[in-house]
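Respectively, the protein sequence lines represent chains G and C.
1 is the number of the first residue of the first sequence in the numbering used here; add one for each residue after it.
1 is the number of the first residue of the second sequence in the numbering used here; add one for each residue after it.
Honestly, I wouldn't trust all of these hints.
As the list claims (entries may be wrong) - When the alpha-carbon atoms are kept at most 25 angstroms apart in a straight line, the in silico SDA-like pairs for lysine to any residue are as follows:
| id | chain 1 | residue 1 | chain 2 | residue 2 |
| --- | --- | --- | --- | --- |
| 1 | C | Lys201 | G | Lys40 |
| 2 | G | Lys16 | C | Glu57 |
| 3 | G | Lys16 | C | His28 |
| 4 | G | Lys112 | C | Val236 |
| 5 | C | Lys201 | G | Tyr159 |
| 6 | G | Lys16 | C | Gly85 |
| 7 | G | Lys17 | C | Ala79 |
| 8 | C | Lys201 | G | Ser120 |
| 9 | G | Lys112 | C | Arg108 |
| 10 | G | Lys112 | C | Asp100 |
| 11 | G | Lys16 | C | Glu174 |
| 12 | G | Lys16 | C | Ile75 |
| 13 | G | Lys191 | C | Arg60 |
| 14 | G | Lys112 | C | Arg60 |
| 15 | G | Lys112 | C | Glu174 |
| 16 | G | Lys191 | C | Ala27 |
| 17 | G | Lys17 | C | Ala26 |
| 18 | G | Lys112 | C | Ile143 |
| 19 | G | Lys40 | G | Arg124 |
| 20 | G | Lys112 | C | Pro99 |
| 21 | G | Lys16 | C | Phe82 |
| 22 | G | Lys16 | C | Arg30 |
| 23 | G | Lys191 | C | Ser61 |
| 24 | G | Lys17 | C | Cys152 |
| 25 | G | Lys16 | C | Leu23 |
| 26 | G | Lys191 | C | Gly85 |
Unchecked claim - Between beta-carbon pairs, the in silico distance windows are:
| id | chain 1 | residue 1 | chain 2 | residue 2 | range |
| --- | --- | --- | --- | --- | --- |
| 27 | G | Asp39 | C | Asp83 | 39 to 45 angstroms |
| 28 | C | Asn74 | G | Met1 | 37 to 43 angstroms |
| 29 | G | Ile54 | C | Asp53 | 29 to 35 angstroms |
| 30 | C | Asp17 | G | Leu196 | 34 to 40 angstroms |
What the hints assert, rightly or not - Which stretches of chain G does chain C cover? Using the computed rule of at least three CB atoms under 8 angstroms from a CB of chain C, they are:
| id | stretch |
| --- | --- |
| 31 | 17-27 |
| 32 | 43-49 |
| 33 | 113-119 |
| 34 | 133-142 |
In case anyone wonders, no lab produced these hints; they're calculated from the structure.
By construction, the Cβ of each residue, glycine as well, lies at the ideal position given by its N, Cα and C atoms.
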Amino acid sequence: MIAIVDYGAGNLQSVKKAFDHLGSSVVVTNQPATIAAADKVVFPGVGHFSSLRILDLNGVRSALLQAASAGKPFLGICVGMQWLFEGSEECPETAGAGIFAGKCQHFPTSVKSPHVGWNSITIRETSRLMKGIPQGSFVYYTHSFHAPVIEETTASTEYGPQFSGAVERNNIFGVQFHPEKSGDVGLHILKNFCEL
Amino acid sequence: MDNGRVVKGVQFKNLRDAGDPALCAAAHAREGADEIVLLDITATSGNRRTLLDAVSETARSLFVPFTVGGGIRNIEDAAAVFDAGADKIAINSAAVREPDLISQIAGRFGSQAVVVAIDARKVNGSFEVYIAGGRTPTGRDAIAWAREATHCGAGEILLTSMDRDGTKSGFDCELTRAVAEAVSIPVIASGGAGSALDFIKVFRDGSADAALAASIFHFGLENIAQLKGELHHAGVPVRWPC
Chain G
1 MIAIVDYGAG
11 NLQSVKKAFD
21 HLGSSVVVTN
31 QPATIAAADK
41 VVFPGVGHFS
51 SLRILDLNGV
61 RSALLQAASA
71 GKPFLGICVG
81 MQWLFEGSEE
91 CPETAGAGIF
101 AGKCQHFPTS
111 VKSPHVGWNS
121 ITIRETSRLM
131 KGIPQGSFVY
141 YTHSFHAPVI
151 EETTASTEYG
161 PQFSGAVERN
171 NIFGVQFHPE
181 KSGDVGLHIL
191 KNFCEL
Chain C
1 MDNGRVVKGV
11 QFKNLRDAGD
21 PALCAAAHAR
31 EGADEIVLLD
41 ITATSGNRRT
51 LLDAVSETAR
61 SLFVPFTVGG
71 GIRNIEDAAA
81 VFDAGADKIA
91 INSAAVREPD
101 LISQIAGRFG
111 SQAVVVAIDA
121 RKVNGSFEVY
131 IAGGRTPTGR
141 DAIAWAREAT
151 HCGAGEILLT
161 SMDRDGTKSG
171 FDCELTRAVA
181 EAVSIPVIAS
191 GGAGSALDFI
201 KVFRDGSADA
211 ALAASIFHFG
221 LENIAQLKGE
231 LHHAGVPVRW
241 PC
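Okay, chain G solo, but in the shape it has when bound (with noise of 0.2 angstroms):
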């Protein structure tokens, strides 16, 4: 059973159906011990981050902190990933969860934002939840913020400067691009997840 963290702040609807259409056991959820239970949790994450301070208010955040420790394997989802980083540029007093070193920052001024549309991934090819995805292929990506290139980068895509589109480390993943929206490609992602 693979949990979909409903937070609130917006429309979980073709995360859920992606899924469905894998032939995935999903249960859309904002309850703790519904995430506990699950076997595996997607963090899908849209909007501002600064809405993810209704993380903090109904244990939510710590049940997410919890299945992450406890070796569940986890998907971050655009603003899920970012959650995942220290913070954000975009909203200072938020806290990530500090899983992955580094700030997401605005992009600068010489491109436009949001940046908004397919765009390529070159591919770390250790990855396991890149697995059969071929090199460059495109992604669907809608976001402002992004996140550095790091160690654990699986992902990363050129707009402006690099930046990290996927994340891994043991059974934490995340992913900046919108799996859901990108058509086969992001189906196969979400298929090796699914198959961890």
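Please build the complex by placing chain C on the supplied structure of chain G, with the hints as guidance.
Chain C only, in chain G's frame:
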């Protein structure tokens, strides 16, 4: 879409039936479309059910971005469209009448979910904004309005040249470039696509960030995959193969 059927006209007139929205969308996505835009132009806006049903049906099998517009007048209309399965909404007339609507929707759903659609035609040397499905001139300058919409929180501008729409005589590169250079958000060119060369031109000369087409795909005149292949070979950064 008009009363639940896909339609296409020339310069916003003489609409022809082009099929079922959900089937059309799925087919285009399979062929490699990067995004699907569904605009409801039904004159009588009273019954929103037809649109919402079409949105749900269409969203069901789409795994690429899906933008929906047409008759969205307030935040409740927008919320209903998101609930039905749209990733982004497009607003046009309602935004011109009440620019604050852009900020309201962007505030709740995020700027990335708000596309401001602008229909413009050349009048006396400058580009004038039209609303109400291209029927009502506003006296406003398209570039100035695009700037204001950006300031209000729009995530993207969908810019349609009324002069070129449906003509297959090429995008309006002058209009597109003027708006693209004036705003810091992505601009989607729309209106006039007839061939791969038109797309190449609007990216090179029009500074467009994206391009939308309807006629050439609805009536099977161009194959999306082939078109994108030509763009790729011409050096336009594009999702390829798709």
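Worksheet item: Are C:Lys201 and G:Lys40 close enough, with their CA atoms no more than 25 angstroms apart?
Response: Distance ~47 angstroms between C:Lys201 and G:Lys40 Cα, so the pair is violated.
Fill in: Whether chain C covers the stretch 43-49 of chain G (at least 3 residues having a Cβ closer than 8 angstroms to its Cβ atoms)
holds (count 3)
Worksheet item: Taking the CB of G:Asp39 and the CB of C:Asp83, does the distance hold inside 39 to 45 angstroms?
Response: At roughly 29 angstroms between Cβ atoms, C:Asp83 and G:Asp39 fall outside 39 to 45 angstroms, so the hint is violated.
Worksheet item: Do at least three Cβ atoms from the stretch 17-27 of chain G come closer than 8 angstroms to Cβ atoms of chain C?
Response: holds (count 3)
Worksheet item: Taking only the CA atoms, is the gap from G:Lys191 to C:Ser61 under or equal to 25 angstroms?
Response: Holds, at roughly 17 angstroms.
Discussion item. Check the hint pairing G:Lys16 with C:Arg30 against an upper bound of 25 angstroms on the C-alpha distance.
Written reply: 21 angstroms, holds
Worksheet item: Would the pair G:Lys16 and C:Glu57 pass a check requiring their Cα atoms to be no farther apart than 25 angstroms?
Response: Status holds; Cα separation ~16 angstroms.
Worksheet item: Given the proposed pairing of G:Lys40 with G:Arg124, does the C-alpha separation stay at or below 25 angstroms?
Response: 23 angstroms, holds
Worksheet item: Between C:Lys201 and G:Ser120, is the straight-line Cα distance small enough, at 25 angstroms or below?
Response: With a Cα-Cα distance of about 22 angstroms, the restraint between C:Lys201 and G:Ser120 holds, given a limit of 25 angstroms.
Worksheet item: For the pair supplied as a hint, G:Lys112 and C:Val236, is the alpha-carbon distance within the 25 angstroms limit?
Response: Judged against 25 angstroms, a Cα distance of about 17 angstroms means the pair holds.
Discussion item. Tell me if the straight-line CA distance from G:Lys112 to C:Asp100 falls inside 25 angstroms.
Written reply: 23 angstroms, holds
Discussion item. What's the verdict on G:Lys16 and C:Leu23, does the C-alpha distance respect the 25 angstroms limit or exceed it?
Written reply: Measuring from Cα to Cα gives roughly 22 angstroms; hence the hint holds.
In the structure shown, a violation is registered for the earlier hints numbered 1, 11, 14, 24, 27, 30, in ascending order.
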